[in-house]
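So the sequences go chain by chain: A and B. Going letter by letter, the first sequence gives residues 1 to 304 in the working numbering. Going letter by letter, the second sequence gives residues 1001 to 1447 in the working numbering.
Simulated from the structure, these hints should not be mistaken for lab results.
Here are the simulated lysine to any residue pairs, SDA-like style, with alpha carbons at most 20 angstroms apart: (1) A/K256 with A/P236; (2) A/K205 with A/G57; (3) A/K85 with B/L1006; (4) B/K1230 with A/G82; (5) B/K1230 with A/R46; (6) A/K86 with B/R1211; (7) A/K85 with B/R1017; (8) A/K88 with B/F1021.
Some chain A residues near chain B, calculated using beta-carbon distances under 8 angstroms: (9) I51; (10) V71; (11) P78; (12) E80; (13) L83; (14) Y84; (15) K85; (16) L99.
Non-contacting residues of chain B with respect to chain A, defined by C-beta distances greater than 10 angstroms in every case (computed): (17) Y1086; (18) K1094; (19) L1129; (20) Q1132; (21) S1157; (22) D1175; (23) S1207; (24) T1349; (25) D1350; (26) L1367; (27) V1416.
Glycine included, each C-beta is placed from N, C-alpha and C at the ideal position.
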Amino acid sequence: MILEAQHIEKNFGDYRALDDVSIAVREGSIFGLLGPNGAGKTTLIRLINRISRPDKGVILLGGQPMTDGDVQHIGYLPEERGLYKKMKVGEQAVYLAQLKGLSRREAEHRIIQWFDKFGISDWWNRPVEQLSKGMQQKVQFIVTVLHEPRLLIFDEPFSGFDPVNATLLKNEILALCDKGATVIFSTHNMASVEELCDDIALIDKSRVVLSGSVTSIRRSYSRNLFEVVVLAGDAPLSLPAEFQLHGTAVGDGEEKLRVTLPEGRTANDLLAALMPQRQIVSINELLPSMNDIFVETVKKGGAE
Amino acid sequence: MNKILLVIRREYMTRVRKPSFWLLTLLVPIMLAALYAIPIYLAMKPLEKSVVLVADESGIFGGLDRDDTLRSDSHFASTDNIVYRYAATLDYAKRLMDSDKDVTAILYVRHRASDAIPTDACLYYKSDLPPQQVRYDVDKQLQRILRNRLLQAHGISDDEYALISNTKINLRTEDLETGREAFLEVKTGLGFILALLIYVVIFMFGSQVMRGVVEEKSSRIIEVIVCSVKPFQLMMGKVVGIALVGLTQFLLWVLLTGIALVGIQATNSELFQTATQKHELTELATKGNEATLQMQQADQMADIPQLIEGIASIDFGVILPAFLFYFIFGYLLYATLFAAAGALSDNDTDSQLFSMPLTIPLLITILCMPAMVNAPSGTLSVVLSLIPFTSPVAMMLRVPFGVPLDQLYWSMALLVVAFPLCTWLAAKLYRSSILRFNRLSIRRRKR
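Work out the full structure: start from the sequences and follow the hints.
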């Protein structure tokens, strides 16, 4: 575990922003920190960045309680991000890198490489306010990763990016992961969670309400719903009554069936019932999307 | 490099590189130099020939009939540039003015039967106001002629008059123990200047700190910065960086103004001299009376050494270090609080609201200044110069008058102690507010 938060509690006056929150992030993994607005994600991230201190609990980095010096191993891209508008782009990047502990020369060297990669070298001497929002985001991303931190925290990284640049960014993040960095995503974008994250923690109303690997969470939310594609036939299909058929779609000489299995039955039983009648093309379990799980879990929390 | 040094460096460099910094740096010396140079140039500027028609009904100013028994200096005397001509009546003078373009003005002295001596006169002009020199010269000659007529009528000789008008008794205010003179006017002036200067620099650079903090907040760069730098380091870096900007600007002002003044004197030394000579010559010509001239010169001479003596009596060995001390610590005390006010607000409008309480102690001190000057060692003065929030301004007002050393040390000690306390409080506020937004709007919504 590169990062562990254990039983964290944080209060702002009477308001408890985090209540007995524990998360564990595996080294080299991509971790999704999910939750509706105001759930406490940003508060937790600020605690990890040592911007504020927890009232109870500890945060371990690489198994050791965190110290102020550890922030050098973290790169954080906040959701509400900005730059000094009047400052020149290159100069500003160097300044922010120096604050992260890089020497001036090393900072310049690395920034030039990144600027070349993102095609913004020509903007070195321009004030930031002349840059488009997308370009400013690129600069902010570069500054976040420049000091090659072990742990990267991105808060809604893709908001404000067009699809081309969002893909560019995603690939850069994956490349950093391949090099051994660990990534924490804080996001509402559930599609990117399914695509990128290995593990997640869902925070709602200051508590962790759901956590684990994406695959196992989706499996645990399984509704035993399967989609079977078979070749079209002359006789109508007949299934035992215990299999709940949600309808068929016919087209291109194929039939698509959605079936819910009863408790205790498996995909094999379904296939056994179908095989005598039709030729099977494919069978898939329809797991709920992370989006469905998110909405369901948060709704359940709200109902309580 | 230490992070706080990096912050200081950025704050300093970005401000010093701004065009507005150099504009202000150049503008102030230029303004001061202009204040010095413009009167010189105006004095040197050759006056166009002006003709003044004198329509004198009273006859006192040499109008109607020339009286040979009168002294020679009882008429209007023309100079190279200002020519006086007598006209019999106002109507005649008006007609002359219409036909002759050289006539700049008509001096009309009305004679009322009830008045033995005319009490008012009028200078008429058409469309163009007569130059100031002309108005000044007319007035001077009017007073001189009237005085000379009266002297003659009452049989008083010039020497007697000089004796009467020149004899004064000089009242001094002296310290009984040291036997040194107080020179209160000089000290009052200096005290006001020093106190206002401290007030202005504290506000000018304090509000720069506040605007810097608001900028970081409103642009949201603060979210990025606080991950690398502790809020305290960021705040102190900003405060110190801007202090250095202030000191740089101050030094440049002193330096550039000095250069400009020396330059003006050096390049124009010849003109400068001729201007003064010319001035003296005109005065001589107009007066024509040695006694009056000597009288006036004696008057001026008496004032100048007194001023110099007054300035010399001031203890600059105390004032300069005291000014530097109160400038630095006064600024530091307020700058951290201004930073906290900036952290509490989301935008410039909010920050004005939050910085208002900070302006009150200094404003009160400024309002108390006249009362304090009346009694530089009174209770009000002593109290205000001990309270850390008012002491920078109050003490600078008092210092030229001489302050008991134990009071000075107490005031300084309290300010030095107040600084870390204030910084601690400001840092706490700053730290807890810097990442919170919409404080005001939340409160508004709750109501």
